[in-house]
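Please model the complete structure; the sequences and the hints are all you need to start from.
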Amino acid sequence: MKKLLAISALLIVMVLLAGCSDNGGEKVYVYNWGEYLDYETLELFKERTGITVVYEEFVQNEDMYPKVESEAVIYDVVCPSDYMIQKMIENDLLYAPNFDNIPNIKYIDETYLKSSEEFDPGNKYSVPYCWGTLGILYNKTMVDEPIDSWGVLFDEKYSGEILMIDSVRDAFAIALKYLGYDLNSTNEAELEEAKALLKKQYPLVQAYVVDEVRDKMIGGEAAIGVIYSGEAIYTSRENPDLEYVVPKEGSNVWIDGWVIPKNSKNKENAEAFINFMCDPEIALMNFNYITYSTPNSGAWNLIEDEAVKNSPVAFPPQDILDRCTAYRYLGEEVEANYIQKWYEAKGE
Amino acid sequence: MKIINVLNTKAPKSNLQKNGTHNLGIRNSKWLSFPYILWMAGFIIIPLIVIVYYGMTTNDKRITIDNIASILNPINLRALRLALELSLISTIICLVLAYPLAIILRKSKMKNNSFIVMIIILPMWMNFLLRTIAWQNILERTGVINVFLKLLNLPSLNIINTPGAIVLGMVYNFLPFMVLPIYNVLIKIDKDVINAARDLGANGMQTFMKIILPLSLPGVISGITMVFVPSLTTFVISNILGGSKIVLIGNVIEQQFRVGNWHTGSGLSLVLMIFILISMAILSKYDKEGEGSGLW
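Chains A and B, in that order, are what the protein sequence lines are. Residues 947 to 1294 (the working numbering) are what the first sequence spells out, left to right. Residues 198 to 493 (the working numbering) are what the second sequence spells out, left to right.
Just so you know, the hints here were simulated from the structure itself, not pulled from any lab data. Note that the structure is a prediction, hence the values are computed from the model and not measured. We put the CB at the ideal spot given by N, CA and C, even for glycine. It is possible that part of the hints are untrue.
Partial selection, computed: residues in chain B whose CB lies under 7 Å from chain A [stated by the list, open to error]:
| # | residue |
| --- | --- |
| 1 | E337 |
| 2 | L354 |
| 3 | N358 |
| 4 | R455 |
In structure tokens form, the structure reads like this:
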């Protein structure tokens, strides 16, 4: 059935594209997060290599996965997060690129390659693209104590002033970390405890958000929000009252990386694209555009603004990173358990 | 197909059928439906089959009713009940707002009735999503209404992220779908019928109860369907105006698909479809009665 679906979908796409796809030439099909690179770089890539980029975007890992898995559309380069890369490796969906064609990987800082081994042992399948932490964004004018703990998200004092993140793994990571557990926990008792905590939090939460947190915090809708560090630079620029902190209990550090699906038809073009993305100047363009931390030391060296270069938000010091853990793919059953518990926590 | 039926409840029977002289025309015109049939097969029938397939199977392709039975999970049941409640409330509000408006439109001697109708449709020229986001900006704590209230030193209005905000969003977005069918039916009622009723001694109330209301029933029915069904299944309005805090059955289904659990999502969609079919069956029964007693 899935095949049939894929074929019919493909047929429709082919019919639709028949008119315009006939201009020949080399192509690379890229599937990336929304607004996750400077679009000008795509033009530059075409100029330098003659390869046309066909560019598509997804909202979250879970949207991307079924599309790649079902082969409904065939992509050459995709940019999933750590635990999703692991899931794809385990399910044999990825191609191990020939790193001779990606010499620019030398610009990727050792630290991040090492962190990547957590989900991609031996760095065989992925090339780090962006990374960051999960933390609290708060409005200095609306709180009267130093914020340094996840505890404020469960404090009745801030009832109605909290924007909680609407994402299963992140929500549980916060609860688990606050309770002093591992954020990759599979222990039923720990997960139950985390669920109970999140359930208790429900009446205090103003809204569950993901991308909306940015505008709501800038507009002063709430005092405290959960956000990814990459957004924090932008929000603080728009509203100087906002400050980002990685709580002392520790948090999640995530890495998004370029990978090549096994069924890719233009593997060499894909390698050329990934190599291009690792070019320090290109990485810098992307960093300036999306403000998510780059693992590219070449690009970091090129940053002119000292404040940004030494920003503890974009490039946190080692002691903060030591408190942070990456997500691991926990297997289908545990994943379903997390989701079920998240519903129960939010379903009152 | 549903919608086409709903829209056509009051369509006059084609003259062609009455006098057999245009038989040729009918036979030829059948081919005209070909594009739509193709459309229907590709984008309604096949997807429906796919949903039934996913709803009745597990990941390893075994047949199961677990996906459908998952509606009995207390969380899902709660979401379904809440969705039914909210969509019922908004349908009633829409009806209460729309019916008098349609009557006024019918009675008004103004030549620019079509202008008023256009004003009702005008918001629909803007994207549905944008309008809902606009409501979010209006209702927010730092939104337009509260800024204004604050200016007047009045207490602020905290309606965002409550069921009330969701009902407001539903009524705002779906009201035109109630007004238009009712209005269309009402303006088609022959003045002579009403005059005849008055002639035979019926007072205003009697005329309304015995003539206008029964004759307008088909429009009311289409209106109810066209407001109730999208309200019941919406997840965008509850996401944007409910801050994802209020979980309707539409949100549950959307979440299931988002996390890649197509089987449960499809199973729940099937349950929702059953509810919609039930409501349409009830309504169409009333519709027939309305037509049977009201039309000549």
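Results for each hint:
About 6 Å separates the beta-carbon of B:E337 from the nearest beta-carbon of chain A, less than 7 Å, and the hint is met. Using the Cβ-Cβ criterion of 7 Å, the hint placing B:L354 at the interface with chain A is not satisfied: the shortest such distance is roughly 14 Å. Evaluation of the B:N358 hint against chain A yields a held restraint, the C-beta minimum of about 5 Å falling below 7 Å. The closest approach between the C-beta of B:R455 and any C-beta of chain A is roughly 6 Å, which is under the 7 Å cut-off, so the hint is satisfied.
Checked against the numbered hints above, the structure breaks only hint 2 and satisfies the rest.
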